[in-house]
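Chemist: Okay, here's what each chain looks like letter by letter:
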Amino acid sequence: MKARLLILLAALPFAFAALRPAPHQAATKLEPYEQFVQKYCSNCHEPEKLDRIKVHDRVQAGEMPPKEAKLRPSEPEKTAFLRGLASWLTTEEKAKYAREGRATQRRLNGYEYENALRDLLAAPWLQIRDQFPEDGEAYRFNKVGDALDVSHVHLARYLTAAEYAINEVIQAHEKRTPTTTKRYYARDQQTLTRIFTQTIFNSSPDRQTYPVIGTTPQPDVRNRLAPLTVGDSDPKTRELEAVGWVSSNYVTGFTYRWDQFKAPVAGRYRIKFSAYTLWAAPGGIHRRFTDTSDKVGTPGKPRMQTPDYDKISPGRTVEPITVYTRNGTKNRCVGGFDITPEPNVYDIGEVWLVAGETLVPDASRFYRSRPNNFVNPLMTKDGCPSVAFRWMEVEGPIYDDKSDAGYELLFGGKADVESHLRRFMAKAYRGPVTEADVQRFVKLYQERKQAGLGDREALIAAYTAVLASPRFVFLNEKPGKLDDNALATRLALFLWNSTPDEALRARAARGELSRPNVLRAETERLLNDPKSHRFTEAFLDYWLDLRKIEDSTPSTTLYNDYYLDDSLVEAAVLESHLTFEEFIRQNLPVRNVVDTNFTFVNERLANHYGIPNVKGIAMRRVSLPADSPRGGFLTQASVLKVTANGTTTSPVLRGKWVMERILGFEIPPPPPVAAVEPDIRGAVTIRQQLDKHRANTSCASCHTKIDPAGFALESFDVMGGWRDRYRGVDESKPAEKGLGKNGQPFAFHYGLPVDCAGSLPDGRTFADIRELKRLLAADEATLARSFAKQLTIYATGAPIRFSDRAVLEKILEQAKPNHYGMRSLIHGVIQSPLFREK
Amino acid sequence: MKKPVSEQPYFAMRTPISRRALLKGAGITLALPFLEGMQPVLAQAKPATMPRRMLAICNNLGLLADQFFPQGVGRAYKPSPYLEGLQAHRNDFTVFSGVSHPNVDGGHPADVCFLTAAPHPGSSSFRNTISLDQVIAEQIGIQTRFPSLTLAVNTRARSLSWTGTGVAIPPEDKAAEVFKQLFLQGNAAEVKAQIRKLETGRSILDTLAEQATELQRNVSTHDKERLDQYFTSVRNLEHRLAVSRGWEDKPKPVVKAPVPVDPASPAAYMTRIKVMYDLAKLAFETDSTRAITLMLDGVSAPVLEIEGAKITDGYHNLSHHGKSESKRAELKTIDGWHIKLLAELLTKLKATPEGEETLLDRTMVLYGSNFGDANAHTCFNLPTILAGGGFKHGQHLAFNTEQNYPLPNLFVSMLQRMGLETDRFASSTGTMRGLEVA
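Residue numbers (our numbering), protein chains in the order written: chain A, 1 to 838; chain B, 1001 to 1438.
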């Protein structure tokens, strides 16, 4: 009885403290904390340097004071301490939230700004993002105000980008041409026909093209003894004329760009190709040239690795073709198809192009010859595969009722300047426009007119200013419950990486959005809209670091079979996007992040994974056999590539990645230690090297947590290919034979076996990645907590702090019945105060 | 016909020079200005400081590695055959080995990445990033009439200078044209148009500052910092535009040097290089700019005319020597001239006093290539020299030739030497290990 009374009395100060969260009481409330810390912690730690949240967590977990410590608190003492500290932390945080909100005021990041402009000006083709400096990150996302700085450079770029965007929209309107459908014949395309002839830069037939009709080569045309094309004189034959080649694109020497066609104006174009495959016999001839003035060269002897374009036969393969844009500032992939020995027409559908852009079809399986002494890896003793293109057909620009919407917004209708500006600002600013603001920009217009600018120029200056103004660039969130406009903006930035559309703004304007069922309905609508693909891209770019996919290059020594394999990397990224979208669409339980029984592949990726019977360039969903290591993000090629460096893998890096991004545990940085240098000669494995390191107990305390997942992932090389043995470079050992996509030989040997077994800190063991995935997938709550955390940082621009944890647990509770469906978690976050308050 | 790259007043960058007709009777006969008599440029109350500059040169066919890289490391290195040609300046330059730009591969296309370090120039979806000189231009370019100069020999397409918006600045390949824009007075209408653009920029910024002030009244303390930062940036940019505007009113410097003569034939490659080197020196002496890039394009060059030597094969062909001794011999002759001209440039810079120092002390000269071995088309182990700029030179900084040290680290050191507060550039991991300021 007496003991209980004492405990009650001891608890009283904490209780009072909880009831009276006034800031000036802070000092008094901390006394019990300070006493505890003084008694139990100060022998080893400096009390002022302690992070109180960490203190709470370590004491709660029983990690501190350590088991060997002489003085440890009793259970009741510990409980009281924790309760008091928790209460104090919560109160402090809540007070801060009331003053400042969870999130810091932030500007739109580069992705968002681009999308906002694209949506505002109805110009999906605008390329703006790369004009900005790279956005800073906090908590691994580019959505956090504290890291999104503004410098004079940013401001200059905003002004330039805005002016550029407006001018592009004006150009698109003024240069409008009627929709046409035009066929661009390969035989009229100079970039293709001029390399019929060998020159100093394509002295090898591998880098040439050749003329053909059906499967009949045309040596006369190739040697320029006959015209390049029959032209209009023989339309039937013209349709059959084609140009063939055996290489993939290489930027300077021989890019198969179809630049007879250049988009006359920014807009939508529908693109078709007519093409088929062929087969070229060996025995071609190189020529030697002294310099660029030597136009004839000296022929060499026939070579068996070189194709002979006078000996063509029907195609024996199906070839994947990827189509890229060219001539713009952002060359990108816009489609793909598989061509067969039968000539066919392939429609890649509608593509957004900017003015001046053209297209390049790339035979992505073919090689890109790199000096010296290159050999086509696809050449056999019978010859090599080839592709032949007849024409590219472009229909466009394709217009609809939105095509001129941007121009209409800027200059449409007969109205005075003030009305124009008012209308523009109403659309651009994500809330009501004040009189003061309107007058401000009207004044700018007038001042510029006074200075001698024309009507239009002055108005453009005002529009440019609006698009660089803080009300456009910054979010408008006030501490406490977000008003409907701010909520609408947050929702659109979350699920579309852009600003709200008309429908969403209307609901906000009517004050409906804060109703939970309306918020839920809008969430569903946004998720179902194709624009939600921007969410997939932007979220995975940062959560899984996919934006770093090109940051490493496969080593030409160890991994020459992966070097220049763009189609593999492209498919790998698509796999991750499609998987994520499937998870959200089907509301699959969060454990699928780690382990699932399906994935998305095309032929190239399926080959990489050893999945049989997948043909063609299109990505499709496949079921995985029960014993497949694939399925879930951990074993996707994209993830495995961004967690490696092109030459070696690191269990520590991969393990840390899994711990932090998938399981949600933060690993503190290591103390300064010499880095472990991997031995690429292969005499010792990275695991063996690490074992020495981990034998040290202070290193082990973190490494027993970090490394296990990394060891299991050692079964995957730098491109995510399965391996049972490591590759090494040791000239004394026989090299693996083969040729890479650069036409150069492999040079590695197989070395020590991979040891992928390990044990989790709780003692459970696994033999390989399959078993590890099952173990991790079993802890659904941890996976859900981590996933919800990532969503929260992304969606709100603030991390989960101490007082947010309880809110997070509520979200999880509600999602538990359906095993934490990922779509449900998105809804859960949006419906919670984390999202609905600043 | 090149388009001017930027009608971008907000960068306060002048449009690169469109072609103008020869001014009649352009007699340039007046005296050379005293470098020391130059007035401080910025209106801000900063003490007048002597300028620092950078000249970055890329020889896009490289140099024979076994003739270039020296034996031994540190200060006691034994000069290689090529470095013998620079020994008169041994204490004024540092030679690097085992360096390259991470993930910059692909051979010829990598020349435009020499100053950007943007990865995979050969890839179908390559996009270049900001170059070293443009980082400088964006920060301090307003201190001179021309924020930067982009020059080239034998090309108007391959550029070392790329803006932050991903656009190449087309290089000037005619020194005479550049001379005219540096020193001959401009067209009144063009000047008026440029002034108006700058004024528009300032008007816009005024309006933005007004709105920012209004918004700041209604935000919490922590959020205010964010808006403050925006506001400061507005004022900062306004100031830059004002300085830029000021240049339009100032007369150009007067020089005694004659208009340079550009040799007509691309075979006169070495003469063209010399003409450009002299132009660069003149531009620095007159403080017309503080960042110059120069692309030496050998790729499409014909059989070169080299004084006192007989070259029998095209330059590009020679670079793919395939170990042929005769080709290597011709290449050595050509490379020898590259070194000779560089040595002459350093001599001239050193002979020009600047206060207590020389023009060389205050000018960083970077000489390198995108090729480590043009024969094998590899882009690692790049032959790199940094001269001048006020560093502790006279050494061979040797890094790992199997796993190269990042060359962007040298760029960070160079940016810091220019007075920029930065600690990163592209894929850098820090400053250049072993390179110290004098």
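Hints were generated in silico from the structure; no laboratory data involved. It is possible that some hints are incorrect.
DSSO-like, lysine-lysine: derived pairs with alpha carbons at most 30 Å apart [stated by the list, open to error]: (1) Lys1192(B) <-> Lys449(A); (2) Lys295(A) <-> Lys1174(B); (3) Lys96(A) <-> Lys1332(B); (4) Lys311(A) <-> Lys262(A); (5) Lys789(A) <-> Lys1350(B); (6) Lys449(A) <-> Lys1323(B); (7) Lys175(A) <-> Lys1192(B); (8) Lys443(A) <-> Lys1192(B); (9) Lys295(A) <-> Lys1332(B); (10) Lys481(A) <-> Lys1250(B); (11) Lys1078(B) <-> Lys94(A); (12) Lys1224(B) <-> Lys478(A); (13) Lys1350(B) <-> Lys737(A); (14) Lys1224(B) <-> Lys427(A); (15) Lys1323(B) <-> Lys733(A); (16) Lys49(A) <-> Lys1224(B); (17) Lys1323(B) <-> Lys1350(B); (18) Lys1252(B) <-> Lys295(A); (19) Lys1323(B) <-> Lys295(A); (20) Lys1350(B) <-> Lys301(A); (21) Lys295(A) <-> Lys1310(B); (22) Lys301(A) <-> Lys1323(B).
Chemist: Decide if the proposed pair is consistent with the structure: lysine 1350(B) and lysine 301(A), CA atoms, cutoff 30 Å inclusive.
Modeler: Roughly 55 Å between the alpha carbons, so the hint for lysine 1350(B) and lysine 301(A) is violated.
Chemist: What's the verdict on lysine 311(A) and lysine 262(A), does the C-alpha distance respect the 30 Å limit or exceed it?
Modeler: Violated: lysine 311(A) and lysine 262(A) sit about 34 Å apart, past 30 Å.
Chemist: Within a Cα-Cα threshold of 30 Å, do lysine 1323(B) and lysine 733(A) meet the stated pairing?
Modeler: Since the Cα atoms of lysine 1323(B) and lysine 733(A) sit roughly 27 Å apart, the hinted pair holds (cutoff 30 Å).
Chemist: For a C-alpha distance cap of 30 Å, please report whether lysine 1323(B) and lysine 295(A) respect it.
Modeler: Roughly 25 Å separates the two Cα atoms, so the pair holds.
Chemist: Are the Cα positions of lysine 1078(B) and lysine 94(A) separated by 30 Å at most?
Modeler: violated, 68 Å
Chemist: What's the verdict on lysine 449(A) and lysine 1323(B), does the C-alpha distance respect the 30 Å limit or exceed it?
Modeler: violated, 68 Å
Chemist: Lysine 175(A) and lysine 1192(B) were given as a pair; does the straight-line alpha-carbon distance stay at or below 30 Å?
Modeler: Roughly 28 Å separates the two Cα atoms, so the pair holds.
Chemist: Within 30 Å, alpha carbon to alpha carbon, are lysine 443(A) and lysine 1192(B)?
Modeler: The given pair, whose Cα atoms are some 23 Å apart, holds under the 30 Å limit.
Chemist: Taken at face value, is the distance from the CA of lysine 1174(B) to the CA of lysine 295(A) at most 30 Å?
Modeler: It holds: about 28 Å lies between the C-alpha atoms, which stays within 30 Å.
Chemist: Is it true that the CA of lysine 49(A) sits at most 30 Å from the CA of lysine 1224(B)?
Modeler: holds, 28 Å
Chemist: If you draw a straight line from the CA of lysine 1224(B) to the CA of lysine 427(A), is it 30 Å or shorter?
Modeler: holds, 25 Å
Chemist: Does lysine 737(A) sit within 30 Å of lysine 1350(B), going by the straight-line distance between their CA atoms?
Modeler: violated, 55 Å
Going down the numbered hints, you'll see the structure goes against 3, 4, 5, 6, 10, 11, 13, 17, 18, 20, while the others check out.
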